[in-house]
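4 protein chains.
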Amino acid sequence: MSTTVRAAIIGSTGYGGVELIRLLAGHPQVDIASVVSSSSAGAPIAEGFPHLNEIRTELLDDVDPALLKSKADVVFVATPAGVAAKITPSLLAEGLKVIDLSGDHRLKDRAEYETWYKKEPAGQDYLDQAVFGLCEIYGDAVRGADFVSNPGCYPTATLLGLVPAVKAGFIDPASIIVDAKSGVSGAGRGVSLGNHYAEINENFKAYKLNKHQHIPEIEQVLSDAAGRKVVTTFSTHLVPMTRGIMSTMYATVTGNRTYDDFVSLYRNYYEGRHFVRIRRDGAYPATKEVAGSNYCDIGFAVDERTGRVTIVSVIDNLVKGAAGQAIQNLNLMMGWDETLGLRFVPVYP
Amino acid sequence: MSTTVRAAIIGSTGYGGVELIRLLAGHPQVDIASVVSSSSAGAPIAEGFPHLNEIRTELLDDVDPALLKSKADVVFVATPAGVAAKITPSLLAEGLKVIDLSGDHRLKDRAEYETWYKKEPAGQDYLDQAVFGLCEIYGDAVRGADFVSNPGCYPTATLLGLVPAVKAGFIDPASIIVDAKSGVSGAGRGVSLGNHYAEINENFKAYKLNKHQHIPEIEQVLSDAAGRKVVTTFSTHLVPMTRGIMSTMYATVTGNRTYDDFVSLYRNYYEGRHFVRIRRDGAYPATKEVAGSNYCDIGFAVDERTGRVTIVSVIDNLVKGAAGQAIQNLNLMMGWDETLGLRFVPVYP
Amino acid sequence: MSTTVRAAIIGSTGYGGVELIRLLAGHPQVDIASVVSSSSAGAPIAEGFPHLNEIRTELLDDVDPALLKSKADVVFVATPAGVAAKITPSLLAEGLKVIDLSGDHRLKDRAEYETWYKKEPAGQDYLDQAVFGLCEIYGDAVRGADFVSNPGCYPTATLLGLVPAVKAGFIDPASIIVDAKSGVSGAGRGVSLGNHYAEINENFKAYKLNKHQHIPEIEQVLSDAAGRKVVTTFSTHLVPMTRGIMSTMYATVTGNRTYDDFVSLYRNYYEGRHFVRIRRDGAYPATKEVAGSNYCDIGFAVDERTGRVTIVSVIDNLVKGAAGQAIQNLNLMMGWDETLGLRFVPVYP
Amino acid sequence: MSTTVRAAIIGSTGYGGVELIRLLAGHPQVDIASVVSSSSAGAPIAEGFPHLNEIRTELLDDVDPALLKSKADVVFVATPAGVAAKITPSLLAEGLKVIDLSGDHRLKDRAEYETWYKKEPAGQDYLDQAVFGLCEIYGDAVRGADFVSNPGCYPTATLLGLVPAVKAGFIDPASIIVDAKSGVSGAGRGVSLGNHYAEINENFKAYKLNKHQHIPEIEQVLSDAAGRKVVTTFSTHLVPMTRGIMSTMYATVTGNRTYDDFVSLYRNYYEGRHFVRIRRDGAYPATKEVAGSNYCDIGFAVDERTGRVTIVSVIDNLVKGAAGQAIQNLNLMMGWDETLGLRFVPVYP
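Protein chains in written order, with full-length UniProt numbering: chain X, 1 to 349; chain L, 1 to 349; chain C, 1 to 349; chain B, 1 to 349.
Be careful, since some hints might not be right.
[To be verified] Derived pair list, reagent style DMTMM-like, types lysine to aspartate or glutamate, alpha-carbon separation capped at 20 Å:
id, chain 1, residue 1, chain 2, residue 2
1, C, Lys211, X, Glu304
2, B, Lys208, B, Asp281
3, B, Lys211, L, Asp281
4, L, Lys211, B, Asp281
5, B, Lys211, L, Glu304
6, B, Lys208, X, Glu47
7, L, Lys208, B, Glu112
8, L, Lys97, L, Glu54
[What the hints assert, rightly or not] Derived coverage of chain L by chain B (criterion: at least 3 residues anywhere in the stretch with Cβ under 8 Å from a Cβ of chain B; other residues may be distant):
id, region
9, 176–187
10, 308–317
These are calculated hints, taken from the structure and not from any lab test.
Backbone N, C-alpha and C fix where the C-beta goes; we use that ideal spot for every residue, glycine too.
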């Protein structure tokens, strides 16, 4: 009755990959069939991640589509951008289901990808085939799909906070400004001066203002929601913490909508969707309130003095912003309850 | 076959209590039947803990043994020391199973309790009845018990690191020195200048040198293991982090035992016990490698120059040092697999 | 030629007061003549601040204007809002110079104060007399003044980042949105659940959206700069760090001004002002780059796609945002070089 | 009367070098004449350290003894171990005074250096010539010296805490166990997975147990103090903070010495030495109480139950543990007050 799916994880030695291992280890209908790393193939996964000692004892596989086909039904691709586009065609050709956590299959327009990523884009047919897996917005398209492109961390927090208001015409899309903040794990496990502890601790930084590669992904979805081309001002900041994203979003309210109007709109829009929680009490969500979990919490402030709404949206960048949403997508692809294996209570404090 | 147990949690608004909620929410054979708080009775639990929004929607109950009896089979008492001793008799009188997470029933000697806790001790019959629930050491006594005293956080990390060596005579018990370090959550949610963020962040403090109330608990068990009275030098330090304890322990090695001897001894001693992981590769465990999980990881350094062993033991103070071990005790009390509902992969990074 | 001024500090047991002690201890022309605390009078200052052991050995004085007159020439008032308004008249009546670090004398309009502070405002004559000591904007008025109201921390970072552009008409004042972030020391040393380490660490929070009491102070100065009433959208966030403020500011650019135009404008505006540093290299300042110092660093991003400028401004909230600027004001009041005693290199890392 | 000394800093792009710049910039009798970096020669120092913008505008010099001779009187060598030994002879040959902050000239025994550093040791004549600059212990030898080897960070905190007791015979030298903890800046600015923010934050690690290269340095001085060969158990731990070292030290007390005896002994020993502060009130120093300053604070606990003393010693590793003590050594070498340019109040909070 309850099929067990065998999963492979490419990029198991990155933070996204190792978070997939953590979450899939507790999923009732998934077996981790292969952990894959091109850079560390042959080594035990626990060698680089001692927290996995005695939990995952297998050796890392190399990237080999035929081998993966023999072991797995679905492949999570948690590689850097540029790599996934090269691997995916052979995985699909083997008949494997693919969930790509990189940015390689999110933008439908190859020119946009080249502009923002400065890399060779994936083939147009693959871009056309990939379903953009922002579950609460495009869940219907994900159901039954074989190839899903998992959204970026910033876009997930941002779009879940904006789409209902844009779709309903509650805000002027041209007025949207997004001030986003992220913990350091979002930059991955690669070493650089930029993630040296002594440079980050007790420090707050702005980076890539109007230049982050997640901007076209956000605009693609907002344009889809608005029915016309939307451009946004988008800033990213680095917070001295490991996990968590907050997007603080500003927009001009149309037609005298009130705080209660926004709360009602969003509660209706996300009716029945377990992982979006709308704050109703005038409080704003904080990142720790979703830490380690797949929730996205959203709060509002409507200011009559300025006619603007401020929308605050938080996620755990490694869960709802990466591994958790990828599993939510798997659940939808398989026709399961989207919350399967994901009903974690946030880790607090 | 698989009975479901109904659990009540007294002290639900403290960090230990709210961690019990997090862990029990995922336990396959436990229902959270009542969350109890004398200070906040009548309010929704999520009011003070927004991370529980839409997850736990019930109101907090007051402390009422008869009410608890009507709702629950087992009560976790996660109150401050001094309170548990007063509540427990009436809970036991109602026929409820009790797991006390406070320090009130750990010391068998009432005078010791008075000396270290400066409070009225529990009655001697309750002290005699309470099984000291350090699962990997006293698990046999816990199996089938109705009343368990859950160990302190420092004693858990320290004793799991020392008992095998003391029992086997590998170290001189009189030489033991324990240098312990804890994250801030160990001090609870009560506000004070001592846990003000700006006083703790980017700071490392020593406190209660030789005066911590966990000392007699440690010495009680070490004396039991050694077969003679043991006193120890015990220091506690506050680390600018939320979760985690490390005990670094020093002792004089007897009879030229080597690093390999220690590893073998501990691996044998903890054979079949899922939650103790012995590091074998010359590496030492770090607190984050057990974060959010019920593991206790232990490593060793034997120094021929000085004839001493250094033992490093880490736990998550809120899991293995409190709520996790309490559930492990429940599992043993019920005759279940001790790992039921506790096989979390540590949250890393 | 070089007079030594005797200074008293009321509110010496708060973070602003103790930072004044740190900075004044190194000022070549100031003697700390009295440290004052109504709550701890009679105790040694080092009792509550062990870092001052053997550095400041005097006892705390009570608030006594006549006593202060006998000891001091100038009084720094670093009390909570509401207290300064009550103390100041008697200090001025004694002929003491006063620098008020609280919010009590910043707003010229008593009704505004009541609306935002929910407290009894200071007398109108005192409000009229107090010079708003944002040194780089109103320095001319401060020179020779006897009574200065020291700006708030958020307004300092925000206004130094906005005023030149508003004055020059480079941005549309009606379009200004400020997304501000602060370390925890900004909330003072009083204990509360809101500054408990375990609640703040690894957490990022939004608070007081459009409701912060610094909003009218910002709008008062922006209106003055624009020559018409300006209202702003202003959000505040709490960063898991002790010191530092960043204001990220958004506005619509007028007349196709470029990045270079903004840099030139600001460099000209702040010509000769030591403590404002304009970043010219496309990089944005980070809070740690001004930590422990009196600098305000400002950077820009102009986005042609959206027609908006993003301005990033950082300060150390306890220095340029409080004690440092207060001393800078003293320097101006005394006719000294404004950098006297303040040429600290930021503490990095 | 007051000569100004011209100083060069080799290794200006490391944390020790940049801290020398911060401190020397405020020294009344030192001019920074050259900042030197072999890796970044020709670039402005502020390029890699934006906090120095507009403060230090010169370009980095290459390592060139003749050039340095033309510009400077004294050279601070803040390079990694192994490099200083190669550079120093030519600097001394030019007649420059040298203060070496690396470990290359601390151990008098070349074989010891090879064993612990795994590098080619300096020549024996240089080792003989170098004065070990632990100012409060060997200050008399430093006065007038031309070549000083600046102590390591761990040895500074540890030895200032132990030497008086060892010299006075208050403790048994064979019983000494040192449990040391350091912030991350101690590992330098080089990037590695070991100092990646996400790996360090909310984590506490033990490393190099009994294997740290500072052990022979500590034992060399303790042996000198004891008049016989001393070996110690020495553990190092990494604390999630940027600055600060605490050494918690354990030893068996001889002859029933009490807490008061220890306080008296240490107060007498450090009489007149500004930078050592002995805590007298039963409290223990915390690292933040010396942050940014040149202080070493020491506290004691004597335990009658075990007959042991616990000594707690804290420093800022980059100041008293590196740059500050180097300047203190310069002051002594020049015959100045040892506190010149170093009377900073600790930065708190």
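Below or equal to 20 Å on CA atoms is what counts here, so check lysine 211(B) against aspartate 281(L).
-> holds, 15 Å
Closer than 8 Å, Cβ to Cβ, for at least three residues: run that test on the region 176–187 of chain L against chain B and report holds or violated.
-> holds (count 4)
Given the hinted pair lysine 211(B) and glutamate 304(L), is their alpha-carbon gap at most 20 Å?
-> Roughly 12 Å separates the two Cα atoms, so the pair holds.
Assess, step by step, whether the Cα of lysine 97(L) is no farther than 20 Å from the Cα of glutamate 54(L), and give holds or violated.
-> violated, 29 Å
Verify the proposed pairing of lysine 211(C) with glutamate 304(X), using a straight-line Cα cut of 20 Å.
-> holds, 12 Å
Hinted pair lysine 211(L) and aspartate 281(B), Cα distance within 20 Å | holds, 15 Å
Whether chain B covers the region 308–317 of chain L (at least 3 residues having a Cβ closer than 8 Å to its Cβ atoms) | holds (count 4)
Below or equal to 20 Å on CA atoms is what counts here, so check lysine 208(B) against glutamate 47(X).
-> Satisfied, since the Cα-Cα distance of roughly 18 Å is no more than 20 Å.
Holds or violated: are the alpha carbons of lysine 208(B) and aspartate 281(B) at most 20 Å from each other?
-> violated, 34 Å
Mind checking the alpha carbons of lysine 208(L) and glutamate 112(B) for me, to see if they're no more than 20 Å apart?
-> violated, 38 Å
Hints 2, 7 and 8 from the list above are not met by this structure, while the remaining hints are.
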